[in-house]
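Peer 1: Sequence:
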Amino acid sequence: MSQPTPSPNLRGAVDLSALSGPSGRPTSGGAGGGAPGGNQGASGAVVVDVTEATFPATVELSAQVPVVIDLWAEWCQPCKTLSPILEKLAHEYGGRFQLAKVDVDANQQIAAAFQVQSIPSVVALVGGQPVPLFQGAYPEAQVRQVLDELLRVAAENGVSGVLAGEEDAAEAVTQEPAEPPLPPLHAEGVAALERGDLDAAADAYRRALKENPGDADARAALAQVELMARVQELDAAQVLAAADEAGPQDVTAQLDAADVEVVSGRTAAAFDRLIAAVRRTAGPDREKVRLRLLDLFEVVGGSSPEVQTARRQLASALY
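Taking the numbering used here, the leading residue of the sequence shown gets 173, the next gets one more, and so forth.
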């Protein structure tokens, strides 16, 4: 899928004062304003979970090392695709930035401060200043481009430290109980995804479903892989413009546009689009739209508020 790679802009229109500390002011200097930076070491793990209580320390750390904030939720399937990519890159970059993971359901004040409208959303802090990055489950190559640009912008503003806690964090990880291994076909699917072979990944998850039709994880993973395959050759801007021009009755255009919107994190817009198409179509076309909606429900996750709302709207549109 062709998506423009976001260019980090140091001055975001986000007010973090309510979360920055007891005084209502950031606990460290702003970027370019005398904040400590350079190549000094900063203590802290490369990947951390952040809460409203610990957020002021995150703001303070951003004066020395850029902090990339992954805003996610347990019910969000695209988050489960993006988060491992961010974690892998955080370790690969060797402490040049910290990855701070924020559960938006448990930390609604942080989500509100960053004006989160859909997840996954990724923002950054540089010297206490918010830096909007991107929304949606971007592929690794584009995430890497965004991170490289972020580090460049941060360095220009005097924030180029390196976390000194990488080894300690790695040691702590090795001491944690190992997660149970994936079922063989799931592991095969993950391996195929890591090497970029979507066909092989889809085949692995289909075989897993054949063995166990009730395997919800395999069903969700297959829907995600099939979505990735559908959008990989699409140009997002062109697809959305064509769908708006064609109108709800053009089923193919609306299906492509909804796929693009889900991948970009705009799930509510995608569901609204397809439900409008359901209302304007009949027969095989309506069934095609309905089935695509069900597939996208699997991608996003059944417990998502957007999915629950869309299911009610779909039932109303059909009956």
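Just so you know, these hints were derived from the structure itself, not from any lab.
Some hints could be false.
[What the hints assert, rightly or not] Pair by pair, the computed Cβ-Cβ distance ranges are:
hint: 1; residue 1: A388; residue 2: T223; range: 42 to 48 Å
hint: 2; residue 1: V362; residue 2: G455; range: 18 to 24 Å
hint: 3; residue 1: G474; residue 2: A401; range: 19 to 25 Å
hint: 4; residue 1: Q280; residue 2: R484; range: 19 to 25 Å
hint: 5; residue 1: D320; residue 2: N384; range: 28 to 34 Å
hint: 6; residue 1: Q280; residue 2: R324; range: 30 to 36 Å
[As the list claims (entries may be wrong)] No farther apart than 30 Å at their CA atoms in a straight line, the calculated lysine-lysine pairs in the BS3-like style are these:
hint: 7; residue 1: K273; residue 2: K252
hint: 8; residue 1: K382; residue 2: K460
hint: 9; residue 1: K273; residue 2: K260
hint: 10; residue 1: K382; residue 2: K252
hint: 11; residue 1: K252; residue 2: K460
Ideal Cβ positions, reconstructed from N, Cα and C, are used throughout, including at glycine.
Peer 1: Hint by hint, work out which the structure violates, then give me just those numbers in ascending order.
Peer 2: Result: hints 1, 2, 5 break, sorted rising.
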